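Residue numbers (my numbering), protein chains in the order written: chain P, 1 to 500; chain X, 1 to 500; chain C, 1 to 500; chain F, 1 to 500.
A few of these clues could be false.
A pair holds if it fits inside one copy or across any two, identical chains being indistinguishable in the list.
DMTMM-like mimics (lysine to aspartate or glutamate), calculated; alpha carbons at most 20 Å apart, straight line [claimed, not checked]: (1) K30 with E86; (2) K30 with D84; (3) K7 with E410; (4) K351 with E144; (5) K30 with E19; (6) K7 with E100; (7) K15 with D84; (8) K480 with D215; (9) K67 with D226; (10) K419 with E399; (11) K63 with D427; (12) K7 with E392; (13) K474 with E410; (14) K411 with E148; (15) K360 with E100; (16) K492 with E71.
Note that these hints are calculated values from the structure, not bench results. In this text, all values refer to a predicted model and were calculated from it rather than measured experimentally.
There are 4 protein chains.
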Amino acid sequence: MDRLWGKAFKQHPTKEVIEFMAGRDVKGCKAADENLIEFDIWGTKAHVIMLWKQNIISREDVKVILKGLNEIQNLWKLGRFNLDPEREDVHTNIESFIIERYGIEYGGKIHTARSRNDQVVLDMRLYLREEALQLVDATIDLVECILEKASENLEVVMPGFTHHQHAMLTTFSHVLSSFAVAIKRDILRYRGWYNLFNRCPLGGVSSYSTTFPIDRELTSHMLGFDGPEPNSIDPITNRWEPETEMAFILSMAMNHLSTIAQTLILLSTTEFNMVELADQYKTGSSIMPQKKNPCSMEVIKAKAALSHGLLMSLLSIGKSNMIGYNRDTQWTKYLIMDLVRECKPSLHILKGVIETLQVKKERMYEQCNRGFITATSLLESIVQDCNLPFREAKFLIEEAVRYSEIEGSEKVTFSSLRKALKEKGIDISITQKQVDEYQDPMQIINRKRTLGGPSQDAVSLSIQTIREDLRRDKEWLEQKRKMIDEAKGRIKDIEESLNI
Amino acid sequence: MDRLWGKAFKQHPTKEVIEFMAGRDVKGCKAADENLIEFDIWGTKAHVIMLWKQNIISREDVKVILKGLNEIQNLWKLGRFNLDPEREDVHTNIESFIIERYGIEYGGKIHTARSRNDQVVLDMRLYLREEALQLVDATIDLVECILEKASENLEVVMPGFTHHQHAMLTTFSHVLSSFAVAIKRDILRYRGWYNLFNRCPLGGVSSYSTTFPIDRELTSHMLGFDGPEPNSIDPITNRWEPETEMAFILSMAMNHLSTIAQTLILLSTTEFNMVELADQYKTGSSIMPQKKNPCSMEVIKAKAALSHGLLMSLLSIGKSNMIGYNRDTQWTKYLIMDLVRECKPSLHILKGVIETLQVKKERMYEQCNRGFITATSLLESIVQDCNLPFREAKFLIEEAVRYSEIEGSEKVTFSSLRKALKEKGIDISITQKQVDEYQDPMQIINRKRTLGGPSQDAVSLSIQTIREDLRRDKEWLEQKRKMIDEAKGRIKDIEESLNI
Amino acid sequence: MDRLWGKAFKQHPTKEVIEFMAGRDVKGCKAADENLIEFDIWGTKAHVIMLWKQNIISREDVKVILKGLNEIQNLWKLGRFNLDPEREDVHTNIESFIIERYGIEYGGKIHTARSRNDQVVLDMRLYLREEALQLVDATIDLVECILEKASENLEVVMPGFTHHQHAMLTTFSHVLSSFAVAIKRDILRYRGWYNLFNRCPLGGVSSYSTTFPIDRELTSHMLGFDGPEPNSIDPITNRWEPETEMAFILSMAMNHLSTIAQTLILLSTTEFNMVELADQYKTGSSIMPQKKNPCSMEVIKAKAALSHGLLMSLLSIGKSNMIGYNRDTQWTKYLIMDLVRECKPSLHILKGVIETLQVKKERMYEQCNRGFITATSLLESIVQDCNLPFREAKFLIEEAVRYSEIEGSEKVTFSSLRKALKEKGIDISITQKQVDEYQDPMQIINRKRTLGGPSQDAVSLSIQTIREDLRRDKEWLEQKRKMIDEAKGRIKDIEESLNI
Amino acid sequence: MDRLWGKAFKQHPTKEVIEFMAGRDVKGCKAADENLIEFDIWGTKAHVIMLWKQNIISREDVKVILKGLNEIQNLWKLGRFNLDPEREDVHTNIESFIIERYGIEYGGKIHTARSRNDQVVLDMRLYLREEALQLVDATIDLVECILEKASENLEVVMPGFTHHQHAMLTTFSHVLSSFAVAIKRDILRYRGWYNLFNRCPLGGVSSYSTTFPIDRELTSHMLGFDGPEPNSIDPITNRWEPETEMAFILSMAMNHLSTIAQTLILLSTTEFNMVELADQYKTGSSIMPQKKNPCSMEVIKAKAALSHGLLMSLLSIGKSNMIGYNRDTQWTKYLIMDLVRECKPSLHILKGVIETLQVKKERMYEQCNRGFITATSLLESIVQDCNLPFREAKFLIEEAVRYSEIEGSEKVTFSSLRKALKEKGIDISITQKQVDEYQDPMQIINRKRTLGGPSQDAVSLSIQTIREDLRRDKEWLEQKRKMIDEAKGRIKDIEESLNI
C-alpha cells in the first residue's frame with residue numbers, strides 16, 4: 001500500500017507529480033558541489049590549456065592533467081566519483097585526486113594562477129548559465145501550452161473578476177493569454193541575466209589578480225563566455241549578484257505561476273466549479289473518501305513563498321560587505337541551488353495541469369448572467385447610443401441596479417431602468433430589447449474588439465503576436481546553445497591534438 | 001591531501017568546525033521526515049492507547065500496533081527502517097509497515113479518528129519542542145562561557161566604538177557582558193514559544209474534529225503537553241505559526257551572534273589587531289600562504305542572512321489563506337528544519353571561539369590613547385569640577401580638540417584647552433595634572449561605576465545578576481525535561497502492563 | 001462629488017473606513033519625531049530630577065528646566081510647538097528651545113550625563129510601550145467581538161474546507177472561535193514584548209556609561225519601567241531589537257487578520273455567497289455600477305505584506321554590526337512607526353466588519369449537502385457501528401463515492417454503498433435510513449462533541465474558556481496602565497513640591 | 001543653536017546632506033498622489049483627445065476638458081491645487097474639479113472608456129519611467145565621478161582584503177574601478193526595466209476591456225510608450241510588477257552602494273586610517289567633542305536594508321492572487337514611492353563623498369608591508385623562476401611564513417625561506433635580493449598586468465572601456481528623453497490646433 005487514498009481517482013499522479021508534491025518529506029538533497037563537478041572540470045581544462053599556451057606549464061603537464069580530469073569525468077558519470085567530505089569542496093577533491101593519482105609534479109600545477117575564489121565564481125556562472133537556458137526552454141514550453149489552450153477556448157465566455165467579485169465579462173482564452181503575456185516577460189529576464197553575467201571571472205584569482213602572464217581572453221573563449229570580466233575584484237566581492245538576480249527572476253516567475261495556481265484553485269472549488277484539474281494532479285486524503293485536492297497548485301504557491309525568502313537571504317548576504325572575498329557568500333550557493341531545484345519542475349507541472357484541464361463552459365456561461373456582471377456593458381451602450389455623459393449614465397445604472405436587486409434580478413431590468421430614468425429626469429429612448437441585447441454575454445464579448453480585449457479576433461491576434469515573440473526567444477536560445485557547444489568543441493579539438 | 005592549506009596553522013580545525021564551514025558543499029541533507037520518525041511513533045502510541053481506553057479499538061488491537069511501532073523504532077535505531085519515497089510521507093510509511101506486517105485488521109485501525117493534518121502538526125510540535133529545549137541548553141552554555149570570559153577580562157581596558165569610531169573607553173569584559181545580556185533574551189523567547197505552543201493538536205483530525213468519542217486530554221497527557229489545543233481548526237490553519245515563531249527566535253539569536261562575529265572579525269584585522277581567534281576556528285587559502293581567515297565567524301553571518309529569508313518564506317506561507325489545511329504549509333517543514341540544522345551548531349562554535357580567543361591587552365590599551373577617545377571624560381570631569389553647563393563645556397572641548405589636532409596630539413593638550421578657554425572667555429582653574437588624569441584610561445574606567453557601566457565593580461555585579469537569571473532558566477529547562485520524561489514514562493508503563 | 005460611486009449602497013463608509021482604504025493616496029505622514037515629543041519631555045523630566053537628586057545640577061536648574069519642558073508640552077498640545085527641520089531631531093529641538101528661552105546656564109545642563117544615543121532608545125521604548133498597550137486593548141476588543149458573533153452562530157452549520165475544497169462539516173461559530181484562539185496568542189506576544197523591553201536604557205549615555213554619579217534606578221522608577229537595563233552597551237547596539245520584536249508581533253497578528261480577510265473575501269463571492277459584508281466596509285467602482293468590493297479586507301492583506309517587509313528591513317539593520325551605536329538604526333524608527341500606523345486601525349476595522357457581517361445560513365446549509373462533504377462522517381459511523389478497520393472502511397467509501405458520482409449524487413447513495421460492499425466482499429448490515437442519517441448535517445455536528453469540535457456544547461465551552469483567559473489579559477492591561485500612571489504621578493508630585 | 005556639535009568641523013554639512021541624514025525625524029512625507037498629478041493630467045489629455053478622434057466625445061467636449069486640465073496644472077504649479085482627502089484619490093479629485101467647474105456634461109465624459117484600474121497603472125508607469133531615467137542619470141554621474149577618482153589614484157598601492165584580512169596588494173584605483181563596474185550593471189537593469197514596461201496599459205479599463213471603439217495605439221503614441229500592452233488583464237493583475245522590478249533594481253544598487261559605504265567606514269576608522277571622509281559628510285555627537293561620524297555612509301546601509309524589505313512586501317503583494325484588479329496592489333504605490341524617495345539621493349551623496357575623499361597614501365603603503373600580504377607574490381615568482389609545482393611551493397612558503405612569524409617579521413625572510421627549503425629538501429637557487437624584490441609592493445603591482453588587474457596600464461585600460469560603455473548609456477538616455485518630449489509635443493500641437 002503506497003498511498004492512503006486513491007480508489008476514487010480516475011488517473012493516478014505520475015512519479016513526477018508525486019515527487020513534486022512529496023517535496024523533501026521522503027527525499028533528501030545531494031551535496032551542493034555535486035552540481036559543480038562537470039563545470040569545475042570544464043573550467044579546469046580551459047585553465048590548464050591556457051597555462052600551457054602561455055608557457056606557464058608544459059605540454060606534458062597539460063596532457064597528464066587533462067587525462068586525469070577526463071578520468072574523473074568518466075568515474076563521475078558511472079557514479080564512482082564521490083565527493084569526500086574530508087576534502088572541503090569540489091575543488092580540493094579534484095586537485096587531490098590528480099595529485100594522488102599522478103603526483104604533485106603534475107597535480108600540484110593545476111591551481112597555478114588561480115584561487116578557489118575565482119574558480120567557484122566561474123563554476124557557479126557555468127552552472128547558472130546552464131540552468132538559465134533550461135529555464136528558458138521550460139518557460140517557452142509552458143507559454144506555448146497556454147497559448148494552445150487559449151486558442152481552443154476562444155469562444156468560452158466567463159465572468160471576469162476584480163476584487164474576487166464579478167466585474168465584466170471575458171473569455172477563458174483571454175484569461176489564459178494574460179497568463180502567457182506575463183510569463184513571457186520572465187524569458188526576457190533570463191535573457192537579461194545572460195547579458196549581464198555571461199562574462200568570465202577566471203583570472204581574478206584571490207580577488208586581486210596575479211603576476212603570472214595569463215591570457216583571460218583565451219579561457220573565456222574556451223568556456224563560451226562573451227568575454228572576461230573587466231575587473232578582478234568585482235565578481236568576487238559581488239559573488240552573490242548573479243545568484244540574487246536569478247533568485248529574483250525565479251521569484252517573479254513563481255509569482256506569475258502562483259497567481260495561475262490560485263486562480264485555478266478558486267475556479268475549481270465546489271462553489272465556483274468552472275474548471276477541473278485532471279485527477280493526476282490532485283491528491284486524496286488519508287481519511288476523507290471524497291477528497292481530490294489541488295495539491296500541485298498549492299505546492300506552487302508554497303514555492304513562490306520560498307523564492308521570496310531565499311531572494312531575501314541572498315540580498316542580505318550581499319549587503320554592506322568589505323571588498324574582496326567573504327566566506328558569507330558561500331551560502332549563496334546553497335540558496336540558489338535549492339531555489340532552482342524547487343522551482344524548475346513547477347513549469348512542467350503547470351504545463352501538464354493546463355494541458356489536461358477540464359473547462360466547464362456551461363457553468364461559466366451560467367455565471368455570466370449573475371451578479372449584474374453585464375451592467376457596465378449596458379451602461380457603455382447607453383452612453384454610446386444616447387449621448388449621455390458617462391458619469392451621469394453611471395449614476396443612473398447604479399440606481400437601476402439597486403431597483404433590479406429589489407426585484408430579485410441579477411441583471412438590470414427594463415422596469416428598474418425606466419424607474420431610474422424617471423427619477424433622474426433623463427429622457428432617452430431605449431427599448432426592452434435593447435436592454436436585453438446590451439446585456440447578452442455573446443454580444444458583449446463580440447463588441448470588445450479593441451486591442452488586448454476578449455473578442456475572438458482580438459485574442460487570436462494577441463496569441464499570434466506572442467507566438468512571434470516566442471519564435472525570437474527560441475532563436476536566441478538556439479544561438480546560445482550553439483555558442484556553448486562550440487566552446488566545448490574547442491577544448492575537445494585541443495585534447496584530440498594532444499592525443500588525449 | 002585533505003586540504004590545500006594549513007602548514008602555517010598551530011592547531012587544525014576539528015571535524016565539527018570543518019563541517020560547520022564546509023556547509024553543504026560536500027554533504028547533502030537527509031529527508032525531512034527522518035526527523036519525525038521518533039515523534040510520529042510516540043504520537044501514534046499515545047493515540048492508539050487512547051483509542052483503546054475509549055473502547056474505539058480493542059486491547060488486542062493496541063497490543064499488536066504498539067508491538068509494531070516498537071519494531072519500527074528498533075529497526076530505525078539500527079538504521080534499517082528507511083523511508084520509502086514511493087510512500088508519500090512518514091505517516092504512510094509507518095501505517096503501511098504495520099498493515100503489511102500485521103494485516104489491515106490491525107494496521108488499518110491505526111488512523112482511526114485522526115488525519116495526517118493533525119498528525120503532522122503534532123509531529124512538528126514534538127520535534128520543535130525538542131529542538132527548543134536543545135537550543136535553550138546550548139544558549140545557556142554560550143552565555144556561561146561568555147560570562148566566564150568576561151570575568152577573566154575585568155581589567156582589560158579598550159576603546160568603545162560608536163559608528164565604528166573611537167567613542168569612549170570601556171573594558172572587554174563590559175563588551176562581553178553586553179553580548180551575554182542580549183543572548184539571554186533569546187532564552188526567554190524560547191520559553192515564550194514553549195508557553196504558546198506546548199499544546200496538543202491531536203484530535204483536530206482533518207481540521208474539523210470527529211464523531212469518534214476521543215479523549216484529547218489523555219493523549220495530551222501522554223505526550224507531555226500542557227493541555228489540548230482549544231479549537232480543532234486553528235492549529236491546522238495556522239500550522240505555519242510555531243515554525244514561524246521559532247524562525248523568528250532563531251533570526252534574533254543569529255542577529256546577536258552575527259554582531260559578535262562581525263565585532264570579532266573587525267577586532268582581529270591586521271589593523272585593529274585587538275583579538276585573535278584560535279587557529280582551529282580559521283581556515284587557510286588555496287593560494288595565499290599567510291592566510292588565516294575567520295571563516296567560522298563569516299559563516300555565522302551568512303546563517304543570520306539565511307534565517308531572515310527563511311522566516312520571510314514562513315510568514316509568506318501564513319498570509320491570506322482560507323481556513324483549514326492547505327498544502328502550502330507542507331513547505332514550512334523544510335524551512336524550519338533547514339533553519340534549525342543551520343543555526344544550532346553556531347552556538348557551540350561561537351562558544352569555542354570565545355573560550356579560545358586571545359585578547360591582546362597591550363594593543364587595546366595602546367589604542368585607548370588615540371583618536372581623542374578620552375575627551376568626553378575630560379569634559380565630564382570639567383563639568384563636575386567647575387560647574388560649567390554641559391553644553392558650554394562641550395563646545396569648549398570641541399575647540400580644544402581642534403587645537404590639539406593641529407598640535408598633532410590625539411588627546412586634549414593642556415595648552416589647547418587653555419587656548420579654547422581664553423577664546424571663550426571662560427574662567428575656570430584647571431591644571432596640567434588634572435587634564436592628564438582626567439584622560440587617564442584606568443582612572444576613567446574606575447569612575448564609570450554606575451549600574452551597567454564598565455568599572456570592575458559594575459561589571460562584576462552585572463555578571464552576578466545574569467548568572468542568577470541563568471540559574472532560573474536552567475531550573476525551567478530541567479522541569480520541562482522532567483515533564484516530558486514523565487509523559488514518556490506513562491506510555492512505557494502502559495506498554496509494560498500490556499506485556500509488550 | 002466626493003466619490004465616483006455609491007448610489008447603490010445602503011450605507012456609506014464612515015470617515016474611518018474611507019481613510020483606512022484611501023491609505024496614503026491623499027494623506028501624507030507627519031515627521032517621525034512628532035510621535036516622540038511627549039515621551040522626550042517625560043524622559044527629560046525624569047532625567048533632570050535625578051540629576052538634581054544626585055546633586056549634579058541645582059534645585060534652581062531643575063525648576064527652570066521643568067518649567068521650560070511644561071511650556072513646550074503646552075505649546076505642543078496647542079499645536080504651536082513645531083519641530084524645526086534645521087534642528088536635526090526632537091532632542092535638539094527641545095534642548096535648543098530651553099537654551100534660547102532660559103539661557104545656556106540652564107538649558108545647557110539638560111544633556112548632562114546622557115547622550116542622544118540612550119535618549120532615543122528611551123523615547124522609542126516609551127512610545128512602543130504605549131503602542132503595545134493600545135494594541136492589546138484593541139486586540140481584546142476584536143476577540144470579544146468575534147466571540148460575541150460566535151455565540152450568535154452556534155447552530156449555523158456550514159462546509160468546512162481544506163485545500164479550498166469541501167472537507168467535513170463545521171459551524172460558523174466553530175470557525176469564528178478558531179479566529180479568536182489565534183488572535184488571542186497575539187496578546188500573549190505583546191505581553192512577552194513588555195516583559196523583555198520594559199527596562200530603562202537611560203544612563204547608557206553614548207553606549208559606554210558615564211563618570212557622573214547618576215542613579216539609574218530612580219529614573220527607571222519615574223518612567224514606569226521594571227528596572228534599568230543591566231548593561232549600557234546592549235540597548236544601544238541592539239536598538240533595533242524592541243522595534244523588530246514589535247514588527248514580528250504585528251506580522252503574526254496581520255497574518256491572522258489576513259486569513260480572516262481572505263476567508264471573508266471568498267465566502268462573500270457571488271459563487272460562495274455565504275456571508276455578506278455590510279456596505280459601509282465596501283467600495284464601489286468608478287465605472288461598474290453593480291460593484292461593491294470588499295476593499296477593507298484587501299487592504300488588511302496588503303498590510304500583512306507590508307508588515308513582513310518592514311520586519312525584514314528591521315532584521316537586516318540588526319545584522320552583523322559592530323558594537324555600540326550605528327546610525328543605520330535611526331531608520332528603525334521610521335520602519336516601526338509606519339508599521340504601527342498602518343496596522344493598528346486594522347483591528348478596529350475588522351471588528352466592525354464582523355459585527356455587521358450578514359451570515360447566509362440557508363446558503364451555508366444548502367452547501368452542506370454538496371461535494372460529498374458528509375462522506376467522512378458516514379465512514380466514521382460505519383467504523384463505529386460495524387467494527388470495520390478504518391483503512392478498509394475508507395477504501396470502501398472511496399469506491400462508494402465513485403459510484404455515487406456516476407449516479408450524479410453529491411452524497412453517498414445507499415445503492416452505491418451496497419455495490420462497493422459487495423465488490424469488496426464485506427458483509428455488514430446497514431440500512432438506507434442509517435446511510436441517510438449518518439450524512440445528515442445536524443446529526444453530524446451534534447456528534448462532534450469532542451473538546452475543540454464544532455458541536456454547540458463544545459464551541460460554547462471553548463468560548464467560555466477564551467473569555468476567562470481574556471479576563472486575565474484585561475487585568476494585566478489594567479495593572480500595567482496603573483503602573484505607568486503611578487510613575488507619571490511621581491514626577492507630578494515632585495513638580496508640585498517644587499512649585500511648578 | 002541648530003546643532004549640538006560642530007565646533008571641531010572644518011566644513012559643515014550642506015542642507016542636502018543634513019536632510020539625507022535627518023531622514024524623516026523632522027520631516028514628514030507628502031500624499032502619494034501628489035507624485036501623480038502631472039502624470040494623471042497627461043494621461044487624461046491623451047485619453048480625451050483619443051476619445052474625440054474616435055468620435056466618442058465631441059470637439060467641444062475635448063476643448064473644455066483640456067482647458068480644465070491645464071487649469072489644474074497651473075494651479076498645481078502655483079501650489080494651489082491641493083488633493084482633497086474627502087475625494088479618495090487623484091483621479092477623483094481631477095474629475096470632480098472639472099465637473100464642478102465646467103458641469104457634468106463635460107467633466108462627466110472624462111472617464112468614458114477607462115477605469116481607475118487602468119488609469120492608475122498608467123500613472124504609475126509614467127511616474128516610474130521618469131524616475132528610472134533620473135536614476136540612470138544620477139547613476140551615470142556617480143560612475144563618472146568614481147572613474148575620475150580612480151584615474152587620480154592609479155599609483156596608490158594598498159592592501160587588498162579578503163575575509164577582512166590582508167590578502168594581496170592592489171591599488172586604490174583598482175578598488176574604485178571595481179565599484180564602477182558593479183554600479184554600471186545597475187544602469188543596464190534600469191534599461192531592462194524600460195524595455196519590459198514602457199508599454200501603455202490604458203484601454204484595459206476595469207481589466208476586461210471595453211465595448212467603446214477606442215484607439216490604444218494613439219494614446220500610447222501620445223504618451224511616449226513603445227506600444228500598447230497586448231492584453232488588458234495582465235497589466236492590472238500584475239500591477240505590482242513594474243514596481244517590484246524597480247524595487248529589485250534599487251535593492252541591487254543599494255547593495256553596491258552599501259558595500260562602498262562599509263568599505264569607506266572601515267578604511268576610515270582610527271585603526272585602518274587609510275581614507276578620510278570630508279567633514280561635510282560626517283556628523284558630530286551631542287556629547288563627545290572629538291566625534292566625526294561617517295553617518296552619511298551608515299544611512300546608505302540603512303537604506304539598503306530598507307530596500308530589501310520593501311521589495312519583499314511588493315513581492316508578497318504579487319503572490320497567489322486571483323486574476324483582475326485587487327485592492328491589495330494599492331499599497332505597492334506607497335512602497336515604491338517611499339523606496340525611490342529614500343534611495344535616489346544616495347547616489348548624489350555618495351558622489352560627493354568620493355569627490356571629496358582624502359586618500360592617505362602613506363598609511364596605505366605602510367600597511368602594504370604588513371601581515372605577509374606579499375607572500376603570495378613571492379610564491380608566484382618562485383614558481384615562475386624555479387619551476388616548482390604551485391602546490392609544493394605553496395606549502396613551502398606556508399612554512400616560511402610560520403618561521404618568519406617566529407622571527408617577528410611580517411614579510412617572508414630570506415633565512416626562514418632557506419630553512420623551509422632545507423626542511424622540504426627542495427633545491428632551488430634564490431637570493432636575498434630576489435626575496436626582497438619579489439615582495440616589493442611597487443614591483444608586485446607592476447607585474448599584475450593581466451586584464452582586470454591592478455597595474456596602472458591594466459586599470460587605465462579598464463577605465464577607458466567603462467567610459468566607452470557609459471557613452472552608450474548616455475546616448476540611450478538622451479534618445480529616451482527625446483522620445484518622451486516628442487510625445488508631449490504631439491499633445492501640445494493638438495491643443496494649439498484646438499486653440500487652447
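Practice problem: Quick one: which hint numbers does this structure break? Sort them smallest to largest. | Solution: 8, 9, 11, 13, 14, 15
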